[in-house]
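Colleague: If you want the building blocks of each chain, they are given just below.
There are 4 protein chains.
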Amino acid sequence: MAHHTRIKVRGYHLDLFGHVNNARYLEFLEEARWSLFEAQGNLDNFLKSGLALAVVNINIDYRQPALMGDELLIETGVKSIGNRSAVIHQRVLQEANGKVVAEADVTFVIFDAKQNKALALEGALKEQLEQMAAYAV
Amino acid sequence: MAHHTRIKVRGYHLDLFGHVNNARYLEFLEEARWSLFEAQGNLDNFLKSGLALAVVNINIDYRQPALMGDELLIETGVKSIGNRSAVIHQRVLQEANGKVVAEADVTFVIFDAKQNKALALEGALKEQLEQMAAYAV
Amino acid sequence: MAHHTRIKVRGYHLDLFGHVNNARYLEFLEEARWSLFEAQGNLDNFLKSGLALAVVNINIDYRQPALMGDELLIETGVKSIGNRSAVIHQRVLQEANGKVVAEADVTFVIFDAKQNKALALEGALKEQLEQMAAYAV
Amino acid sequence: MAHHTRIKVRGYHLDLFGHVNNARYLEFLEEARWSLFEAQGNLDNFLKSGLALAVVNINIDYRQPALMGDELLIETGVKSIGNRSAVIHQRVLQEANGKVVAEADVTFVIFDAKQNKALALEGALKEQLEQMAAYAV
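Protein chains in written order, with the numbering used here: chain A, 85 to 221; chain B, 85 to 221; chain C, 85 to 221; chain D, 85 to 221.
Certain hints may be false.
For identical chains, the list gives no copy identity; a pair is met inside one copy or between any two copies.
[Unchecked claim] Each computed DSSO-like pair below joins lysine-lysine, with the alpha-carbon atoms no more than 27 Å apart:
#: 1; residue 1: K183; residue 2: K132
#: 2; residue 1: K210; residue 2: K163
#: 3; residue 1: K201; residue 2: K163
#: 4; residue 1: K183; residue 2: K210
#: 5; residue 1: K163; residue 2: K132
#: 6; residue 1: K201; residue 2: K132
#: 7; residue 1: K132; residue 2: K198
#: 8; residue 1: K198; residue 2: K183
#: 9; residue 1: K92; residue 2: K132
#: 10; residue 1: K201; residue 2: K183
In short, the hints are calculated from the structure, not lab data.
Isolated chain A, as found in the complex (with noise of 0.2 Å):
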């Protein structure tokens, strides 16, 4: 089961032709992964450690407008975990009717302050992932 995080449409986030616009949905998005980490229970652990979880790639689709009002339900869960990366999957949905808004494939690597560099996703790093791949969309 995905991970749940609702927001509902309003003024300020909407653009020239009433819709939201294209940027605020990455931070709806952002949200979304926010809340999962929190949920998840590691947050805190993983800040204070100087890890950060930095995105490489964001694909999304745009598949209809939500207009001001809408109540959108995020559905956030990680999709694949490979060696040095792994996608979190997020869909963005109309929660009246269940009609897909945007749906997108987030890509992203742990990187280590200290280090400098991208972490190998494995040991304990890999099993608190895996235990959020329970969060799968």
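Using the hints provided, position chains B, C and D relative to the given structure of chain A.
Modeller: Frame of chain A; chains B, C and D shown alone:
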């Protein structure tokens, strides 16, 4: 030759890690696309006729972080034109040394608000896009 | 009693100094005002009738920085109602200890798009605002 | 004479009502303040020495809406210097006709991260601010 837009990184562009935030790059790219449409000369007529460029996919690679004070150069050009959608390619470079900070393909359709549908990219509309393809990256 | 809205500080809310950015607080305050109008129950009718709440002044004190992970409570209430404008008072607090992070007076008029002018705050319109004044800070 | 910064209104600056959003103006003003500090020439030294300009109050009048494509001119200058705080005045104008769109007083202190306190505005620090006061609005 690509169309050029310049943006200097300011304090409000950064996030937790002191890097330009992922979502902010999409505003930088939108800024550069509006600038291209102006340079190409048909933006006003386009908007007045009720047409909108609706983005359907953004695929963006984040290659290295941009920091406070960095002078960024955004190259924007039309990469390919299909029957119903077209692709703009955009690169964000460090102006000082040409290093690529981020790179994106932005796929869009031309949406006609009156007809409530995406238009076929043919005739005068296709010609306009072909003129913009002179700005290839 | 004031209307309450909760926001958790995330990485994308911060700026160069690791603090919530000045501009972002205005989005937090707007979020809280929409939430109050919903709670009060007349938002939909209001927007459908072509009326807009147009902000004419914001006077905001930034008292202490808010940091990553902080749980903020935003109190929102109507402070005073004049002939043509009214004032909403909003306070942003650390939920954990009640310390004030920021505090603002937001002065607005009710703008009627059809008549292209600000309305006198009288009759049914004034009554609605007076109901909202139950949510004083 | 005030320091000048120019910003063109784009689709992503707008909100529900097709106007530049309240919060976005604070980003425009921050952009203009960074630009003034650069023009005055001491920004780099300032930041390297661990000093930060911490905004403690913004009092902004929104006089008339700015719309898609508007070319805005932002005038920025130091208005007054006190013992512990100083005030920058900023005006956002329509470049075409000089009409005032928004106008703000921004009160700030100089915060020293090492000492964890706001500095007295005296000596070399005061001289720098006085030089900036040449850019009065």
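Colleague: Hints first: check each against the structure and report whether it holds.
Modeller: The hints, checked one at a time:
Only between protomers do K183 and K132 lie at most 27 Å apart by alpha-carbon distance; the minimum there is 25 Å, versus 38 Å within a single protomer. For a Cα distance limit of 27 Å, the shortest separation of K210 from K163 inside one copy, 13 Å, qualifies, whereas the shortest one across copies, 38 Å, does not. When the C-alpha separation of K201 and K163 is checked against a cutoff of 27 Å, the pair qualifies only within one copy, where the shortest distance is 23 Å, while the shortest distance between copies is 33 Å. Within a single copy, K183 and K210 get their C-alpha atoms no closer than 33 Å, and across copies no closer than 32 Å, so neither meets the 27 Å cut-off.
When the C-alpha separation of K163 and K132 is checked against a cutoff of 27 Å, the pair qualifies only within one copy, where the shortest distance is 26 Å, while the shortest distance between copies is 42 Å. Proximity of K201 to K132 under the C-alpha cut-off of 27 Å is found in both arrangements, the shortest distances being 17 Å within a copy and 25 Å between copies. For the homomeric pair K132 and K198, the shortest alpha-carbon distances inside one copy (12 Å) and between copies (21 Å) are both at most 27 Å. Taking identical chains as interchangeable, the C-alpha atoms of K198 and K183 lie at most 27 Å apart only when they sit on different chains, with a minimum of 23 Å there against 43 Å within one chain.
Taking the closest pair of Cα atoms, K92 and K132 come within 27 Å of each other only across two copies (18 Å); inside a single copy the shortest separation is 31 Å, beyond that limit. Taking identical chains as interchangeable, the C-alpha atoms of K201 and K183 lie at most 27 Å apart only when they sit on different chains, with a minimum of 18 Å there against 40 Å within one chain.
Going through the hint list in order, the structure does not satisfy hint 4, though it satisfies all others.
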